[in-house]
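**Q** Here are the chains, one letter per residue:
2 protein chains.
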Amino acid sequence: MGKKKQGTLIIIGGAEKKDPERKILKEVARQANGGKLVVATVATEEPEEVWKEYRKIFQEIGVTKIDHLDVRIREEATSEDRVKILKGAKVVFFTGGDQLKITSQLGDSAVYQTVEKIFQEGGTVAGTSAGASVMSETMLVTGDAEQSHQIGKMLAMAPGLGFIQDVVVDQHFAERGRLSRLLGAIAQNPRYMGMGIDENTAVVVRGDSLEVLGSGAVYVLDGSGSTYSNLAEKDEDLDKTMAVFDVKLHVLSEGNRFNLVERRPELPPKPEEVAASRGAKTT
Amino acid sequence: MGKKKQGTLIIIGGAEKKDPERKILKEVARQANGGKLVVATVATEEPEEVWKEYRKIFQEIGVTKIDHLDVRIREEATSEDRVKILKGAKVVFFTGGDQLKITSQLGDSAVYQTVEKIFQEGGTVAGTSAGASVMSETMLVTGDAEQSHQIGKMLAMAPGLGFIQDVVVDQHFAERGRLSRLLGAIAQNPRYMGMGIDENTAVVVRGDSLEVLGSGAVYVLDGSGSTYSNLAEKDEDLDKTMAVFDVKLHVLSEGNRFNLVERRPELPPKPEEVAASRGAKTT
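Those protein sequence lines, which keep their order, are chains V and F. Quick note: the first sequence uses our numbering, first residue 1, plus one each step. Quick note: the second sequence uses our numbering, first residue 1, plus one each step.
Please keep in mind that the hints were generated in silico from the structure rather than gathered at the bench. Worth double-checking, as some hints may not be accurate.
It does not matter which identical chain is used: a pair holds within one copy or between any two.
[As the list claims (entries may be wrong)] Derived lysine to aspartate or glutamate pairs resembling EDC-like cross-links, with alpha carbons at most 20 Å apart:
#, residue 1, residue 2
1, Lys240, Glu273
2, Lys17, Glu53
3, Lys248, Glu266
4, Lys65, Asp81
5, Lys153, Glu254
6, Lys240, Asp19
7, Lys18, Glu146
8, Lys248, Glu262
9, Lys84, Glu121
10, Lys240, Glu254
11, Lys117, Asp81
12, Lys117, Glu266
13, Lys248, Glu76
14, Lys240, Glu266
15, Lys18, Asp81
16, Lys17, Glu116
17, Lys240, Asp81
18, Lys23, Asp81
When you get a sec, could you build the whole thing from the sequences and use the hints?
**A** What follows is the structure in structure tokens.
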């Protein structure tokens with residue numbers, strides 16, 4: 001009963017607007033392809049500032065049709081004028097802030113249904129930082145990243161917007177050292193793959209496959225083959241540190257592709273092949 | 001031509017002296033078993049303070065024979081009076097600081113040879129933080145932990161004391177988010193396993209096998225089965241982010257054992273078995 005995956009997702013690990021080359025935001029703009037791009041500032045406490053900042057950037061890189069969607073109280077998420085903003089949009093871009101703001105304000109509302117429809121009809125849903133976390137069916141909200149995951153300590157997780165299945169996304173990954181909390185999330189149910197995305201780095205998801213874009217890395221944690229975890233051992237050792245054996249880790253960088261259903265990275269072409277396809281001289 | 005591994009290693013991820021229970025330092029003391037324990041403060045800039053601190057702790061937990069080894073200039077590492085301090089020691093404990101201080105001052109000196117002899121004759125070599133890093137044949141000295149590993153950026157590595165083979169140790173692991181630099185180290189040559197040790201956590205190594213002790217986790221990164229790495233691709237993309245596929249990750253916590261030769265964790269006994277062996281009532 002999975003949702004139809006017909007559009008494109010651009011899931012960004014945060015801080016992409018600091019990149020002077022605007023590599024990732026140019027890809028977001030490219031998806032609009034002359035059509036309307038809507039910047040959704042639902043997650044932030046400073047919607048006007050964030051909107052002005054992104055509007056400036058997107059206009060500088062050639063986006064002409066751009067609009068602002070904000071929702072402060074849930075009632076607005078059902079209002080006709082908010083839905084109207086989304087009409088005809090090719091891209092909806094969720095900025096950073098607090099992921100629970102996005103899901104609690106928009107979840108199952110008319111605005112959400114319109115975003116979903118845009119996606120199902122081939123449009124693009126993009127999001128950075130908190131806007132990246134909400135993409136999955138179940139999202140990470142908070143969790144300690146300063147120490148290894150403790151069995152007795154619950155991670156805060158919540159239902160996300162559900163544009164991507166069987167994946168938990170974490171952002172600012174290497175920058176904030178979030179391995180332990182993402183491992184905690186996937187150990188709860190290895191049906192979920194963990195996807196830790198660095199700053200100024202994105203995955204562009206189409207159908208079952210994704211490609212990495214940007215300067216950092218994407219860490220895929222696959223616990224499906226794991227042979228042991230002590231996560232459910234509630235003995236006297238309630239705050240014992242989590243153990244989990246045989247997790248597979250893939251580190252992907254720009255240009256790498258990954259198949260989400262097969263849970264396999266695609267082997268990149270060999271350097272000789274790349275050189276040949278560029279018409280480089282042989283040495 | 002590997003060195004004989006006859007003694008015990010206690011490799012500690014740092015900050016163990018802040019533990020009010022002194023769990024790890026009690027294990028170090030237990031290894032002394034009434035014999036002499038030598039605290040080597042070679043790595044630190046404040047040898048007297050560090051010595052006094054550890055002396056106090058070790059005396060509180062019942063160590064009676066304790067002595068202080070310090071080396072400020074390399075000449076001292078060959079002197080008879082320094083070697084004499086080590087004579088008859090059951091345990092040599094290296095404190096934290098700068099790992100290069102330990103190796104550059106002690107490497108191949110009379111003091112080093114005496115420590116090695118203690119180990120080969122069944123004694124214990126313990127070390128925390130920098131004192132943990134020096135245990136391996138090749139050690140990590142520094143490396144950026146704030147971003148994913150870049151191909152063009154060299155990690156600082158140097159020859160260590162060589163008490164454990166085919167392993168690179170990193171410490172303060174979850175606390176300082178050091179996944180990316182340890183991955184960078186093992187991708188250079190997957191013959192080396194990465195071992196990231198949290199604070200107040202230790203691995204006790206005897207022969208080919210280790211056991212985890214303390215409150216945090218130990219992360220074992222095994223790249224031997226990896227199918228792709230772009231580490232040696234020196235194209236125009238010199239500062240490209242590293243990619244590596246199919247790394248195996250094991251997260252171990254207290255009581256878990258790992259075989260260093262087979263590169264496999266031991267499956268812990270099932271909870272029922274533990275309960276039975278404790279004579280617990282069935283519920």
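**Q** State for each hint whether it applies.
**A** Evaluated hints:
1. Proximity of Lys240 and Glu273 under a CA criterion of 20 Å is satisfied inter-copy only: 19 Å between copies versus 50 Å inside one chain copy.
2. For the identical chains of this complex, Lys17 and Glu53 are intra-copy neighbours only, at 9 Å inside a copy versus 48 Å across copies, given an alpha-carbon limit of 20 Å.
3. When the C-alpha separation of Lys248 and Glu266 is checked against a cutoff of 20 Å, the pair qualifies both within a copy, at 15 Å, and between copies, at 18 Å.
4. When the C-alpha separation of Lys65 and Asp81 is checked against a cutoff of 20 Å, the pair qualifies only within one copy, where the shortest distance is 17 Å, while the shortest distance between copies is 80 Å.
5. Taking CA atoms no more than 20 Å apart as the test, Lys153 paired with Glu254 passes between copies only; the shortest distance there is 17 Å, against 35 Å inside one copy.
6. In this assembly of identical chains, Lys240 and Asp19 lie within 20 Å of each other by CA distance solely across copies; the values are 15 Å between and 41 Å within a copy.
7. Taking the shortest alpha-carbon separations for Lys18 and Glu146, only the inter-copy value of 16 Å comes in at or below 20 Å, while the best intra-copy value is 25 Å.
8. In this assembly of identical chains, Lys248 and Glu262 lie within 20 Å of each other by CA distance both inside one copy and across copies; the values are 13 Å within and 17 Å between.
9. Taking identical chains as interchangeable, the C-alpha atoms of Lys84 and Glu121 lie at most 20 Å apart only when both belong to the same chain, with a minimum of 17 Å there against 80 Å between chains.
10. In this homomeric assembly, Lys240 and Glu254 come within 20 Å of each other (Cα to Cα) only across copies, at 8 Å, whereas the closest approach inside a single copy is 37 Å.
11. Within a single copy, Lys117 and Asp81 get their C-alpha atoms as close as 17 Å, which meets the 20 Å cut-off; across copies the closest is 80 Å, which misses it.
12. Within a single copy, Lys117 and Glu266 get their C-alpha atoms no closer than 30 Å, and across copies no closer than 50 Å, so neither meets the 20 Å cut-off.
13. For the homomeric pair Lys248 and Glu76, neither the shortest alpha-carbon distance inside one copy (43 Å) nor that between copies (47 Å) is at most 20 Å.
14. For a Cα distance limit of 20 Å, the shortest separation of Lys240 from Glu266 across copies, 18 Å, qualifies, whereas the shortest one inside one copy, 37 Å, does not.
15. Proximity of Lys18 and Asp81 under a CA criterion of 20 Å is satisfied in neither setting, with 32 Å inside one chain copy and 58 Å between copies.
16. In this assembly of identical chains, the alpha carbons of Lys17 and Glu116 never lie at most 20 Å apart, being 25 Å within a copy and 54 Å across copies at closest.
17. Taking the closest pair of Cα atoms, Lys240 and Asp81 never come within 20 Å of each other, the shortest separation being 51 Å inside a single copy and 45 Å across copies.
18. In this assembly of identical chains, the alpha carbons of Lys23 and Asp81 never lie at most 20 Å apart, being 32 Å within a copy and 63 Å across copies at closest.
Hint violations for this structure: numbers 12, 13, 15, 16, 17, 18, all remaining hints satisfied.
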